[in-house]
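Chain order of the listed sequences is F and Y.
When the letters of the first sequence are read in order and numbered with the working numbering, they come out as residues 1 to 232.
When the letters of the second sequence are read in order and numbered with the working numbering, they come out as residues 233 to 365.
All the given hints hold, so there is nothing to weed out.
Derived pair list, reagent style EDC-like, types lysine to aspartate or glutamate, alpha-carbon separation capped at 20 Å:
{"id": "1", "chain 1": "Y", "residue 1": "K263", "chain 2": "F", "residue 2": "E219"}
{"id": "2", "chain 1": "Y", "residue 1": "K277", "chain 2": "Y", "residue 2": "E334"}
{"id": "3", "chain 1": "F", "residue 1": "K95", "chain 2": "F", "residue 2": "E158"}
{"id": "4", "chain 1": "F", "residue 1": "K27", "chain 2": "F", "residue 2": "E218"}
{"id": "5", "chain 1": "Y", "residue 1": "K263", "chain 2": "F", "residue 2": "E158"}
{"id": "6", "chain 1": "F", "residue 1": "K27", "chain 2": "F", "residue 2": "E219"}
{"id": "7", "chain 1": "F", "residue 1": "K155", "chain 2": "F", "residue 2": "E93"}
{"id": "8", "chain 1": "F", "residue 1": "K26", "chain 2": "Y", "residue 2": "D357"}
{"id": "9", "chain 1": "F", "residue 1": "K60", "chain 2": "F", "residue 2": "E47"}
{"id": "10", "chain 1": "Y", "residue 1": "K277", "chain 2": "Y", "residue 2": "E336"}
{"id": "11", "chain 1": "F", "residue 1": "K26", "chain 2": "F", "residue 2": "E219"}
{"id": "12", "chain 1": "F", "residue 1": "K26", "chain 2": "F", "residue 2": "E218"}
{"id": "13", "chain 1": "Y", "residue 1": "K263", "chain 2": "Y", "residue 2": "E336"}
{"id": "14", "chain 1": "F", "residue 1": "K27", "chain 2": "Y", "residue 2": "D357"}
{"id": "15", "chain 1": "Y", "residue 1": "K263", "chain 2": "F", "residue 2": "E218"}
No lab work stands behind these hints: they were computed from the structure.
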Amino acid sequence: MPGLLVNILWLIGILGEAAVVVCAIKKGAFRRYLLLNLYMAGLLCVELVRYKIVSEYGLKSTQFIYFYFYSDAILTIFLYFALCTLYSHVFSEMKAERYVRMGALLLLAGTALFTYAVVMQSTAKLLTHFVIELSQNLYFVGLILTYILWGAILKLRETRTRLIQLVLSLGVYFSLLAVNYAVRNLYPSLSSIFIPLVQLCGIFLPMAWAYAFWHLPEEARLVPARLAVIPR
Amino acid sequence: MMAGIILVCSVVFLLQFFVSYCRSLIAASIKHPLSAEVQDVTGIKSTAEGDDFTRVLQLLQLCPERPEDRSGIQAIGTYFNLLSFVRATLARIIPSLRSWTETERGQCTYFAAVTLERRIAFSRDMFAQQLES
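My request is simple: use the sequences and hints to build the entire structure.
This is the structure in structure tokens:
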């Protein structure tokens, strides 16, 4: 039964990822949010390869585990840069793209160095350990960066509904994954429960982005101050 | 220790992002006027009531599902349950929360009604396409 559940969630996730790219192309938003869409397209390809590996070698095979964590690290770095393009959208009027890019690279290098410093203490399988730790740390850094971006949206009174929903759904996604990783670290014995949970978290982002691209025109506007939990 | 701190921070951020995300979904749909027939079916005339949410959801389940609607309605369903929980617990201690949760629950119902309207339009389009072919 858990295998069936994982497969169903997997299939929904793959359909959702394809839906994001299709909706973005149909609504003419592919180029505007290029990195977000390329991330989704990349995620779709990776998911298909993962599915192929699982069907050939099984969910607990070394091949799958290695591919899963290495591809996850690459995708996380990609998503991190996609998040930086959202910063560029929000700060577009301030012409701050160069600073955003520089800051993002510095933060990425800092996270990688910090991860390396932590991982260096354990000698066995250094690279694999580094890759797993890096993607976990990047999820948390991504969460903090999304939170800062949300703060900037409120402060700058950004009104573009689609952009706001893309940022907020990314925030929910990063939070879910950060919670998942933290609980897994605290209770490693429960790791088998978290496989369907990761799949469930993974479904949210493509569905939310597909919704934002399909239902919200680029010119749709709302008052962001109304969305804050603490009214401004 | 570190994982514990990350867990606490992430849960707080998750709640904030989730509530804001749901409110952004509602805010985007609130400007959408309901057609006369959806008003008749749902019984929503000017303002929606939180208690009608379950009934509108049941009506939604009668229509063919659209994949791009799924995350929105599920998120709002979870938000509605969260609001109901706050209403049943915290709002008893803080009375001002009661009217706020009631307004929010009503807006959740309105969102569900807008989704219902979209699904009806989608079903009609599919039916029309089938008739043409």
